[in-house]
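Visitor: Here are the chains, one letter per residue:
2 protein chains.
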Amino acid sequence: MRIEIWSDVVCPWCFIGKRRMESALAAFPHADEVEVVYRSFELDPSAPRNGTERTVDALTRKYGPQAPQMMAQVDGIAREEGLDFHQDRTVHGNTVDAHRLLHLALAEGGPARQVEVKEAFLSAYFEHARNLSDPAELRAVAVEAGMAPERVDQVLASDEYADAVAADVQQARAFGATGVPFFVVDRAFGLSGAQSVEVFTQVLERAWAQSHPALVQVGGDDAEACGPDGCAVPQA
Amino acid sequence: MRIEIWSDVVCPWCFIGKRRMESALAAFPHADEVEVVYRSFELDPSAPRNGTERTVDALTRKYGPQAPQMMAQVDGIAREEGLDFHQDRTVHGNTVDAHRLLHLALAEGGPARQVEVKEAFLSAYFEHARNLSDPAELRAVAVEAGMAPERVDQVLASDEYADAVAADVQQARAFGATGVPFFVVDRAFGLSGAQSVEVFTQVLERAWAQSHPALVQVGGDDAEACGPDGCAVPQA
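Residue numbers (this note's numbering), protein chains in the order written: chain S, -1 to 234; chain L, -1 to 234.
Hints may contain errors.
Copies of the same chain look alike in the list, so a pair counts if it works inside one copy or between any two.
What the hints assert, rightly or not - Quick list of in silico lysine to any residue cross-link-like pairs, SDA-like style, CA-CA up to 25 Å:
| hint | residue 1 | residue 2 |
| --- | --- | --- |
| 1 | K60 | T176 |
| 2 | K60 | W206 |
| 3 | K60 | Q169 |
| 4 | K60 | S156 |
| 5 | K60 | D227 |
| 6 | K60 | D73 |
If you are wondering where the hints come from, they were derived from the structure by calculation, not from laboratory data.
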């Protein structure tokens, strides 16, 4: 089974949803046969590289003076999942470089490695207010997470994986997703948002049942065939 | 989409079924997204290498004096598919080496290459009465079909791919197949025997629909998420 998760590294509900999905997976009896792959989604492609404005200020400009309180409320919910959010300190900025590095991690280290880097990016942003839109800071976080510095530098200095990021975004649209997190299991089931652990468990069970089906027989069972006892001969 | 076809190179309905499936594919609008892979099935694993007995004599021993006429009847049906069968001249023998070479063709050349070799083997046996159970003759047919002589010799001189052949046979049993041809589409749909072009078309259409599903939505659409207009905030 494969779970694809469209997500942005600066999306609070993506981090919270990640934890809930992981809780469901931890209790799922076939977890060792489940592969998790992160797909790119950019909430704000127009956000600047090397951003300097605090997220809380950007959101206050956009939504008004209640923004700080709304963010604090989300921090509180994150805390229930064991996450130490400090959204009062995060810095608003572009995430395409982070997504390109997540593609690099997937290509060179596989899904398990990518999940570790994704966790490191989310934690760096939400728990440590590190600026992932600053290439030097992003590089530092990636290398701390165990990525090879040479390849990280190559990717950051080029536009490698930019097409992969764009393809992910396009695929999310094809699925009708307008926001994240967006979970797709076996390209058959879709979940929008940070659902409860119970809903995640439900989709795991349904997908498991569907991926272990008996074959559906098409056509009759009387078409000519050959078997250990010889070949059929049609009516003359 | 992937069509797996369990088949033996000395199975008349496999060649006839191959043509009918190909007719259905030729008219299928998404044929360029369909991959065909041949799987091994041995109708008579006890048949001798370097066989010398004509198939018609072996079948007459087994089924009685009506065997030649039955075979001629199948030749007539093959003719309707454009195939020039001469089952009065074919020689009964073992096919495991042919199957091992089909695995080699798949491993080194991919599915399209394997289909060409499969076609060459079936044609050599049914249309030209060549003895595929004779390693020298099998080698000649394989090389004429474009396979690299060195690798063909290596495989024939070893038991390379014997385990792959056995695994294929076991998988057919797991699907409940007792004869061939046996077609499995996307490990979801099964067809037994040389079905009509219409039935093959039907399974292609059903499998296409199933492999391009709308996602089944699990959970509500009100779970917290982030979108272009910002992140949801739960009720205080």
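Visitor: List, from low to high, the hint numbers that the structure doesn't satisfy.
Guide: The structure breaks hints 2, 3 and 4; every other hint is satisfied.
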